[in-house]
Structures are given as structure tokens and as C-alpha cells.
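2 protein chains.
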Amino acid sequence: MFTPTLGHIPAPQASWSERAWRSWIALEEKKIPYQYKEVNPYKKEPHFLAINPKGLVPAVEFNGKALYESLVICEFLEDAYPSYTPHLLPSDPYERARARIWIDHITKFFLPPFFRLLQSQDKEKQDEARQEVYKALSTLAKQKKEGGPYFFGEDFSLVDIAIAPWAERDYIITEHRGYKREEVGKEWKEWADALEKRDSVKKTTSNKEYYTEIYGRYLRDEAQSEAAKATRAGRAIP
Amino acid sequence: MFTPTLGHIPAPQASWSERAWRSWIALEEKKIPYQYKEVNPYKKEPHFLAINPKGLVPAVEFNGKALYESLVICEFLEDAYPSYTPHLLPSDPYERARARIWIDHITKFFLPPFFRLLQSQDKEKQDEARQEVYKALSTLAKQKKEGGPYFFGEDFSLVDIAIAPWAERDYIITEHRGYKREEVGKEWKEWADALEKRDSVKKTTSNKEYYTEIYGRYLRDEAQSEAAKATRAGRAIP
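Sequence lines, in order, name chains E and R. Throughout the first sequence, residue numbering follows my numbering, covering 78 to 315 in sequence. Throughout the second sequence, residue numbering follows my numbering, covering 78 to 315 in sequence.
Chain E with its partners taken away, still in its complex shape:
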């Protein structure tokens, strides 16, 4: 969990997955002081559960109340810290809406086949999922503005944050599932290269070794996260 420390709030627990990572990148980008606390998913502490009954991560504790859902947290940080820059959404209403449309695209069209690609034990289903991943990413990357490395050109935004964790971690599917960044297309290759070099991303990642065990469970389809279970059951990722 992340606790913005501006209000000198007592620090609760924290943890993170790829989606949790988004909130962390947003805090770093905006330079909002915060405390980072791991949450043991198998033994959640009473304070954490008291303010966050579903026990979901990422979570932010703010004035003693908890919020969850990575993208909701990112929008919350924009709303609650309006003087902190950079702003992660464009000020123009049409461009803001475009950002939201393409973030929604990531949720609906990239995440489900990404998890299917990781978890599927069947070669044919892996091939199908990989093609869906390619299509989702190339469609997204074609919407990128020219004139800079990010979705809105020079301006780093919530669209970049929404996809950044999978740019940085795509080596997993490269090593195990035949994915190649360049096969998505030139636009995605250049964008993903830029995302993994972004300071806020580099600063919040861990060593590859840390993830080997976690991803191993996904690759053997033994993971017990909510996302893994939903993927296995053919359901929407919660």
C-alpha cells in the first residue's frame, strides 16, 4: 500500500503486482511523498483489512481511508494533488477522453490475452494469444503521437503508465512464449524501449531474479492470483 505522507498518516501495509506498479510510477512521476509498504498476501494485517475490506492491492491510504484499483488511484493522485506536475492527463477534454479510450483498450484487449499467453499450456492457444497481444499493442501504438517517445509525443501520461509494466516485463514472454517486441511493429518497439528507460519505471522495478518464481507459477498455470484464476475460468480479470 502507498501512503502519501503529506498528512503524516500512520503507515499501513503495501504490496504490488504489475498493476500495483502503475500507482507507484504515478507517485514517482508526480514526486508525491509517500511511504511504500509490502502486504503479505497470505497474512494481511488487521489495519490493512480494516480500511480495505476486500484486501486488494495496490491500495492507497489517504486521511485514514483506503482506495484501490491501480488506474483509479492514478486519477485520484491527479485530483488530490492538483499542484503536483507533470499532469498525467492532457488538459484538453478531447485529448483526455482519447487517453481514457486507449487506457480502456489496454484493459480490455491487451491484459486478457497477455494472461492467456502466460498461462496457456497448449501451443495452439499460445499462438492465438500471442497474435492477440500483437494486435492489441500494434493498434495502440499506431495511436501514438509523433514528435516524442510517449503516447502524447513529448508528454508522459497515464496511457504510458497503464502499459509501462508490460513493456518492462515483456522479456518473460520473449523467453518463454515466442513474443518479440519488433514483431509488434516499429512504433511499439520504439515506445517500449523508451518506457523501460523512463526514470520512474527504472527506479521502481526490482531485479529479474525476484520475479522468476512469481512468473514461474503463471507459466506452469499454477498461479493463484485473482487475475490468474479469472483467466483460467475464462472470466474477465477483476
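Hints are computed from structural coordinates only; laboratory data are not their basis. What you are looking at is a predicted structure, and each value in this text was computed from that prediction instead of being measured. Be aware that one or more of the hints could be misleading.
Copies of the same chain are indistinguishable here, so a pair counts whether it falls within one copy or spans any two.
What the hints assert, rightly or not - Using 25 Å as the maximum straight-line C-alpha spacing, the simulated SDA-like pairs for lysine to any residue come out as follows:
(1) 131 x 209
(2) 108 x 209
(3) 114 x 284
(4) 114 x 201
(5) 212 x 311
(6) 266 x 169
(7) 200 x 307
(8) 279 x 94
(9) 131 x 227
(10) 306 x 186
(11) 108 x 173
(12) 219 x 140
(13) 185 x 155
(14) 219 x 178
(15) 306 x 181
(16) 131 x 264
(17) 221 x 168
(18) 266 x 95
(19) 202 x 307
(20) 212 x 126
(21) 131 x 309
(22) 202 x 251
(23) 219 x 141
(24) 114 x 225
Fit chain R to the known structure of chain E by using the hints.
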């Protein structure tokens, strides 16, 4: 498609489903002048496809550019018409985030079982889906504030708009799938009763006869909408 007429923009095509209906309710709530145009899903006109290449509805044309995704459009109307009231999201950042969390809950936990309940031809699967619908709605309704009929008490908001179409249309699953509003619980019953009486909802609905044919295709699992196809394939609803 909806065209806010403030800019005297030429009128394009329009159409609507339950989700499209949300954008329409938002326009009515905020009293934003607009033109409503049906889109023939089997014969989309060139102007519509030129500004909206995916051909998705609902769509809003604004200054010659199109936006789609019902909830993105609602947020866009807030951003683009800041002086139009009522505001559909609370001004407090924490409450705004709560609105977004519960809208996300509707998308993830109510819509998929709703479509499964409609489309499933198997009694056991229908029972399972109906229980999921009950759980999603009762969890949502328990978050409703006291002191008024809507999610935020007296204040009608985007959370109400996000679920309103299914409050008004739940007679379909009552007539065909054994759903009863009161079995969800008292909170939902009262809330749904209030939603279907809201002026903006009543003004934008059509006669039941109009829907009989459309829902008939869902109830026989013959519908060919993107949502119906995704539900049949066990995929996330696009």
C-alpha cells in the same frame, strides 16, 4: 451518435444500446443541447465511419472529431462543459475515486453475468449467472449513501447513470430468467425504483415492444453484437 449542437456542427448518425443509453442520459441530465441520430449497424454511413473508424456506438461528434465508449463520453461531457450542472462526479477527490471504483465494479462484476444470464440456454448456468448478478448488485447497493435515493444520496451521479439502463430493463430477466429485484435486497430495490423514475431515464427510453425483438435474439443466444459474441466465447465484453 450524439452531436452537441453548441458548435453548430453538421449532424452525423447515431444509435444506442444499454451502454449508449448512458451517454444520452448524461446529455439530458446536464441539459447539453445535442442532436440524436440513429446509426444503422448494418449500413454505417461514410461520414460516421470517417470520423469513427471502428464504427462503435455510442459516439459523440465534437468539433468534427468522434469519441466512443459510453463512460468515457460521460466524463468527456463533464470536462468539455464545465459550467453545465449537475456535475456527475463529486468534487471531493476521494469521493470521485469511490465513484470510479464502483463504476468499474459494474463493468467487471455486473455486466458479464448479466449477459451470461440473458444468453445462457442451460438452467444450471442461468442459476449461477443470476446469483452472480444478485451478488454484484447487492455489493454495489450496500455502498449507497443514506439520505437520498441515489448512490451519493441526494446527488445523482455517474454511478447512477452507469447502472440505470439495467434498472429500467431488468423486467427482461424478471420475465425470462427468474430475476427479482427484491431478491437482490432492499437497498437495490429502492435504488432501482428511483432510477427508473428519474426524468432523464424516462425521457430517453422507448416502448417495451421496441426491445422485444432485440432481447429475443439474446434470450435465444442468437444475438450478433460484440457483447453477445464475447459472452458466447467466454471473453471480456469489449
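Going down the list of hints, with the structure as the test:
Taking the shortest alpha-carbon separations for residue 131 and residue 209, only the inter-copy value of 17 Å comes in at or below 25 Å, while the best intra-copy value is 31 Å. Neither within a single protomer nor between protomers do residue 108 and residue 209 lie at most 25 Å apart by alpha-carbon distance, with minima of 35 Å and 41 Å respectively. Taking the shortest Cα distances, residue 114 and residue 284 sit within 25 Å of each other inside one copy (18 Å), while across copies they are farther apart (54 Å). Proximity of residue 114 and residue 201 under a CA criterion of 25 Å is satisfied in neither setting, with 40 Å inside one chain copy and 44 Å between copies.
Proximity of residue 212 to residue 311 under the C-alpha cut-off of 25 Å is found in both arrangements, the shortest distances being 20 Å within a copy and 19 Å between copies. Taking the closest pair of Cα atoms, residue 266 and residue 169 never come within 25 Å of each other, the shortest separation being 28 Å inside a single copy and 39 Å across copies. Within a single copy, residue 200 and residue 307 get their C-alpha atoms as close as 20 Å, and across copies as close as 22 Å, so both meet the 25 Å cut-off. For the identical chains of this complex, residue 279 and residue 94 are intra-copy neighbours only, at 15 Å inside a copy versus 43 Å across copies, given an alpha-carbon limit of 25 Å.
For the identical chains of this complex, residue 131 and residue 227 are inter-copy neighbours only, at 23 Å across copies versus 34 Å inside a copy, given an alpha-carbon limit of 25 Å. In this homomeric assembly, residue 306 and residue 186 come within 25 Å of each other (Cα to Cα) both inside a single copy, at 18 Å, and across copies, at 15 Å. When the C-alpha separation of residue 108 and residue 173 is checked against a cutoff of 25 Å, the pair qualifies both within a copy, at 22 Å, and between copies, at 22 Å. For a Cα distance limit of 25 Å, the shortest separation of residue 219 from residue 140 across copies, 22 Å, qualifies, whereas the shortest one inside one copy, 41 Å, does not.
Within a single copy, residue 185 and residue 155 get their C-alpha atoms as close as 23 Å, and across copies as close as 24 Å, so both meet the 25 Å cut-off. Taking the shortest Cα distances, residue 219 and residue 178 sit within 25 Å of each other inside one copy (14 Å), while across copies they are farther apart (29 Å). In this homomeric assembly, residue 306 and residue 181 come within 25 Å of each other (Cα to Cα) both inside a single copy, at 21 Å, and across copies, at 19 Å. With identical chains, the CA atoms of residue 131 and residue 264 are at most 25 Å apart between copies only, with a shortest distance of 20 Å across copies and 39 Å within one.
In this assembly of identical chains, the alpha carbons of residue 221 and residue 168 lie at most 25 Å apart only when taken from the same copy (17 Å versus 31 Å across copies). Only within a single protomer do residue 266 and residue 95 lie at most 25 Å apart by alpha-carbon distance; the minimum there is 20 Å, versus 38 Å between protomers. Proximity of residue 202 to residue 307 under the C-alpha cut-off of 25 Å is found in both arrangements, the shortest distances being 16 Å within a copy and 17 Å between copies. Taking CA atoms no more than 25 Å apart as the test, residue 212 paired with residue 126 passes between copies only; the shortest distance there is 21 Å, against 39 Å inside one copy.
Taking the closest pair of Cα atoms, residue 131 and residue 309 come within 25 Å of each other only inside a single copy of the chain (21 Å); across copies the shortest separation is 29 Å, beyond that limit. Proximity of residue 202 and residue 251 under a CA criterion of 25 Å is satisfied intra-copy only: 16 Å inside one chain copy versus 38 Å between copies. For the homomeric pair residue 219 and residue 141, the shortest alpha-carbon distance between copies (21 Å) is at most 25 Å, but the shortest distance inside one copy (42 Å) is not. With identical chains, the CA atoms of residue 114 and residue 225 are never at most 25 Å apart, being 34 Å at best within one copy and 38 Å at best between copies.
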